[in-house]
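Enquirer: Top to bottom, those sequences are chains A and B. Here the first sequence is numbered in my numbering, starting from 4 and rising by one per residue. Here the second sequence is numbered in my numbering, starting from 4 and rising by one per residue.
Simulated from the structure, these hints should not be mistaken for laboratory data.
The list makes no distinction among identical chains, and a pair is therefore deemed to hold if it is satisfied within one copy or across any two copies.
Derived DSS-like pairs (lysine-lysine); straight-line CA-CA distance at most 27 Å:
hint, residue 1, residue 2
1, 147, 195
2, 296, 254
3, 197, 163
4, 195, 205
Number of protein chains: 2
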Amino acid sequence: MANKHEIEQFFRELQDEICTALETTDGKARFQEDLWTHHTGGGGRTRLIQDGAVIEKGGVNFSAVEGPAGEDLKRQLEIDFNADFFATGVSIVQHPNNPLMPIIHMNVRYFELSDGTYWFGGGIDLTPHYVDDAQAQWFHAQLKAVCDAHDPAFYTQYKKWADDYFYIKHREETRGIGGIFFDHLNEGSLNKSKDEIFAFVKAVGQTFAPIYTHLMKLNGEKPFTEAQKEWQYIRRGRYVEFNLVWDRGTKFGLSTGGRTESILMSLPKEARWFYNHQPEEGSEEALTLSKFKKGIDWV
Amino acid sequence: MANKHEIEQFFRELQDEICTALETTDGKARFQEDLWTHHTGGGGRTRLIQDGAVIEKGGVNFSAVEGPAGEDLKRQLEIDFNADFFATGVSIVQHPNNPLMPIIHMNVRYFELSDGTYWFGGGIDLTPHYVDDAQAQWFHAQLKAVCDAHDPAFYTQYKKWADDYFYIKHREETRGIGGIFFDHLNEGSLNKSKDEIFAFVKAVGQTFAPIYTHLMKLNGEKPFTEAQKEWQYIRRGRYVEFNLVWDRGTKFGLSTGGRTESILMSLPKEARWFYNHQPEEGSEEALTLSKFKKGIDWV
Chain A
4 MANKHEIEQF FRELQDEICT ALETTDGKAR FQEDLWTHHT GGGGRTRLIQ
54 DGAVIEKGGV NFSAVEGPAG EDLKRQLEID FNADFFATGV SIVQHPNNPL
104 MPIIHMNVRY FELSDGTYWF GGGIDLTPHY VDDAQAQWFH AQLKAVCDAH
154 DPAFYTQYKK WADDYFYIKH REETRGIGGI FFDHLNEGSL NKSKDEIFAF
204 VKAVGQTFAP IYTHLMKLNG EKPFTEAQKE WQYIRRGRYV EFNLVWDRGT
254 KFGLSTGGRT ESILMSLPKE ARWFYNHQPE EGSEEALTLS KFKKGIDWV
Chain B
4 MANKHEIEQF FRELQDEICT ALETTDGKAR FQEDLWTHHT GGGGRTRLIQ
54 DGAVIEKGGV NFSAVEGPAG EDLKRQLEID FNADFFATGV SIVQHPNNPL
104 MPIIHMNVRY FELSDGTYWF GGGIDLTPHY VDDAQAQWFH AQLKAVCDAH
154 DPAFYTQYKK WADDYFYIKH REETRGIGGI FFDHLNEGSL NKSKDEIFAF
204 VKAVGQTFAP IYTHLMKLNG EKPFTEAQKE WQYIRRGRYV EFNLVWDRGT
254 KFGLSTGGRT ESILMSLPKE ARWFYNHQPE EGSEEALTLS KFKKGIDWV
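With the rest of the complex left out, here is chain A:
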């Protein structure tokens, strides 16, 4: 049965593979690495790519931290006993230069407590500035294929979870076209072994690079207008709003002494806010907005 060292090792190598794939496809920029340690034990490798040919700003972060569970964590876990925790994962956000190229987010993670409880979590979701229906369909079909290979119920369930999670409540918009999201996966919540669940999480992690490099090749060099760039800045503003107001991981990390610069690698280089901006009726921008709704069956 996979132990924490094997899982950590897989995530570490996944970070390497993804960084290599993104660098190769971008062709211009290289990841810069920062190593850091956590105050209770372990640490991470934060990797940032900036000002690439396709990627304007992107992070691919690996971490494996451990130590005694503090009060904030115990409250979040709803436990009243002392325990040591171990948490490892890979987190990715990529903001492209081109407004016709989507933002992507991926996370795979594993958590365990010294009392023997553990779970996996993760997901991938796509935030196009302009929705391309064919690409949206293709993206969801890729995720469905990964899910279906492990359980025929996963895609429907985790697609709905993503719709509910990546929701900007105060805008009544989803962050983008969603994807999949899952958490607390273990033998207790699924009729599967730990190794089977790990195999699914591995497959999700490994599907990131082929998906996003494909989208980079399709969209990275498309010509675009100033008005499309402006719309990109506005959509990035919504991305900032989601991450800072609603994303539980970001909020928990920032309020419990996580490494701020690693957490906030998710923010774009540049975002804009205009008071009460409304796209023109019938415009491409309005059409995109109409697709940032829960429950759209993309496949």
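For this one, chain A is given, so just place chain B on it according to the hints.
Expert: This is chain B only, laid out in the frame that chain A set:
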């Protein structure tokens, strides 16, 4: 004794006076007004000024809303009985074009419940992109004078409250050079009558226009460099972080169905994030950062 109608009327007129003062001093842009209604009763006048000679984007909002206290509000108030609420106030944030000109925030507000409890709250704080010591001292001296005219204990107490409130915990920085902040002022928390407290809140509201128009005249036309503009975008990013991650009013408003565009008028037109940006040692930017600490005695 001042009743809610008089207080609302004062705030409504304060909004008019402040908008006139800012428009006159800016000399170029005009406020645009949106009237809105709240789903339980009352409403507001949101006023935005954009692309002025000095102000790039600023809001001066008045609201007076009422109705039955909902579950979120009851939880926040820690009451377990049904009651009607009434809330009125003026909220201001101004983001200037010039990086040598500070951002300002002001809020004065009044809240009452149908069981007879009420309180006032408010404050003014300044967020320079570059701290000018003389102006910082002058700003705090203005606030101290307003406080001292009403109670010799107010300034010290409310200055500390602002330091603690406008704190970006995950950056270990204050948002700017602070100012004053106060909440839950009433006969129970202060040895003063309701009219005396209202007189103090009025004075705070009325000191906004002379303070900020003076700073506009001093700084609005100063020459600046591209590097200073870039630093301004970075500091605005911190402003966004504070407002979306830590500001209780913003979080409460966004999660309880407040008017999103009125609440988020506080966000700048444009903000930027660079991974792990550190100003050069000894630079003006580093010097400014060193002053975003709690407990500096500016006066």
